[in-house]
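Kindly generate the complete structure, drawing on both the sequences and the hints.
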Amino acid sequence: MTDDIRALTARLAEEPGSLAFLELAEALRRRGQLDAAYKVARGGLTRYPGLADAHDLMARVLSDQGDLAGAFDSWASALQLDPMRTSALKGIAFLYFKAGDPAAALAHLERALEVDPDDVSVRQAIGRVSGDVRRGGATASQTSEPPTGPTAFEPPESPPAPGPAAPVPQAPGPFDAVDGDRSGLLLVDAHGLRLAGRLRGADGDAAGDRVAAQLAGVSREAARATRLLGLGAWHAIAVESPDGHLVLTQASAETIVLAARDPSLPLGRVSMLADRAARSARTWLEAQG
Amino acid sequence: MTETQTALDRVTRVPGVRGALVIAAADGLVVAEQLMEDVDGQAVAALAGSLVLRLARTAESAGLGRPRFLHLRGDAGSVLAAPGADDLVLVAVVGPDANLGLARLELLEAAGRLA
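Chain order of the listed sequences is A and B. For the first sequence, the working numbering assigns the number 1 to the initial residue and increments by one for each residue that follows. For the second sequence, the working numbering assigns the number 1 to the initial residue and increments by one for each residue that follows.
Source of the hints: derived by calculation from the structure; they are not laboratory data. A few of these clues could be false.
Sample of chain B residues at the chain A side, in silico, Cβ under 8 Å [as the list claims (entries may be wrong)]:
| id | residue |
| --- | --- |
| 1 | Leu55 |
| 2 | Thr58 |
| 3 | Arg66 |
| 4 | Pro67 |
| 5 | Ala76 |
| 6 | Ser78 |
| 7 | Ala98 |
| 8 | Leu102 |
Examples of chain B residues lying across from chain A (beta carbon under 10 Å, computed) [unchecked claim]:
| id | residue |
| --- | --- |
| 9 | Arg10 |
| 10 | Leu29 |
| 11 | Leu51 |
| 12 | Ala62 |
| 13 | Gly63 |
| 14 | Arg68 |
| 15 | Phe69 |
| 16 | His71 |
| 17 | Gly74 |
| 18 | Arg104 |
Here the structure is a predicted model, which is why all the values come from computation and not from measurement. Glycine included, each C-beta is placed from N, C-alpha and C at the ideal position.
Here's what the structure looks like:
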């Protein structure tokens, strides 16, 4: 077992509800450990059936295993959740190409190019598939010669997996400018994915990803509510519960910060903490470009 | 006067409160209301009901338990909500100068009497 797989396995064991399964399954797939990759991807998908990344990952694993029908279904599911997902468009194009339907492959590649005009691999694949369409549909699957060379049409790859842990300097985090205890702070994107931060649930397990997933679209919903009720733009949502308080506030148009504390800290103080965390996260997001 | 009407009365007496209503969170319908003319009760019920349910799931996922008070703050006012029994939620729409502390106390007190 390589260091990166060992580290990812340990992380997933420590936080079974985290998104570490995405990296772990991808790392296993890249090493050719397809059965293990499938098991990890299946477990993640069971936990996160609404996550396009998980369906995309499953499609890559199934494609590598030779289950092309399963891969097609998984990429179709990813596209249903995220119609702009170029990796799924490329994946389906690849499967159509393999199935001897270069015209359908070309249509999907052209959609991918509309979404991301700078994707060189899509341009290369379009060049290859266009040739087959012009020649009347002879494809890799129908000819004895597999496509080779730099313009050969291959299934989509995910971005390179992170390498083994190297002694690199710690990157600054979004809550570095927040003094004191930074636990209970989360930065979440509009799709309910945790960008940074940690949160523990009642039983002490990692709850960050689970809570983040509940917050998908909450910013849009709050904005709609305040607008329709004539209350202007929304600034914050405070929730008071018996076992703690949480406050949500916008860090940017696409992200929100959640601050959670036990009930010993008054709600007003949690709001102040959330404001500080949002300012810090805003600076960090701007620095990320 | 019913408990529900008493609850709405108490909340709307707080300075700055533009209206209060009791909603059924699951379907976002108005059960009873006491609103100023410019407040759309059905819109408040639908929007607040949806947000309350979502935030309740969030709080429970975070291990904080069922929320007892929620506050959505906007530029020009706020929506306050206090879940009561049987899926009922007492909601108030308040202006920017409302006494939020007093409104919160009244909502919590009144929501406890809803049934």
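Going through the hints against the structure:
The closest approach between the C-beta of leucine 55(B) and any C-beta of chain A is roughly 5 Å, which is under the 8 Å cut-off, so the hint is satisfied. Taking 8 Å as the C-beta cut-off, the interface hint given for threonine 58(B) holds, the closest approach to chain A being about 4 Å. Using the Cβ-Cβ criterion of 8 Å, the hint placing arginine 66(B) at the interface with chain A is satisfied: the shortest such distance is roughly 7 Å. Among the interface hints, the one on proline 67(B) holds; its C-beta lies about 5 Å from the nearest C-beta in chain A, closer than the 8 Å criterion.
Interface hint at alanine 76(B): satisfied, since its Cβ lies 4 Å from the closest Cβ of chain A, which is below the 8 Å cut-off. Because the beta carbon of serine 78(B) sits about 7 Å from the nearest beta carbon in chain A, less than 8 Å, this interface hint is met. Violation of the interface hint for alanine 98(B) is found here, the shortest Cβ-Cβ separation to chain A being roughly 12 Å, above the 8 Å cut-off. Here the hint on leucine 102(B) is broken, as its CB sits about 14 Å from the closest CB of chain A, past 8 Å.
Interface restraint check for arginine 10(B): the shortest CB-CB distance to chain A comes to about 19 Å, outside 10 Å, so the restraint is violated. With 10 Å as the threshold, the beta carbon of leucine 29(B) stays out of range of chain A, its nearest partner Cβ sitting at about 16 Å, so the hint is violated. The beta carbon of leucine 51(B) comes within 6 Å of a beta carbon in chain A, closer than 10 Å, and the hint placing it at the interface holds. Residue-level restraint check for alanine 62(B) holds (minimum Cβ-Cβ distance to chain A is 5 Å; threshold 10 Å).
The interface hint given for glycine 63(B) is met, as the beta carbon of that residue sits about 3 Å from the closest beta carbon of chain A, less than 10 Å. With 10 Å as the threshold, the beta carbon of arginine 68(B) comes within range of chain A, its nearest partner Cβ sitting at about 6 Å, so the hint holds. At about 4 Å, the closest approach between the beta carbon of phenylalanine 69(B) and any beta carbon in chain A falls short of 10 Å, and the interface hint on this residue holds. A least Cβ separation of about 4 Å between histidine 71(B) and chain A falls short of the 10 Å threshold, and the interface hint therefore holds.
For glycine 74(B), the shortest C-beta to C-beta distance to chain A is roughly 3 Å, which falls under 10 Å, so the interface hint holds. Here the hint on arginine 104(B) is kept, as its CB sits about 8 Å from the closest CB of chain A, short of 10 Å.
In this structure, the hints that do not hold are numbers 7, 8, 9 and 10, in rising order.
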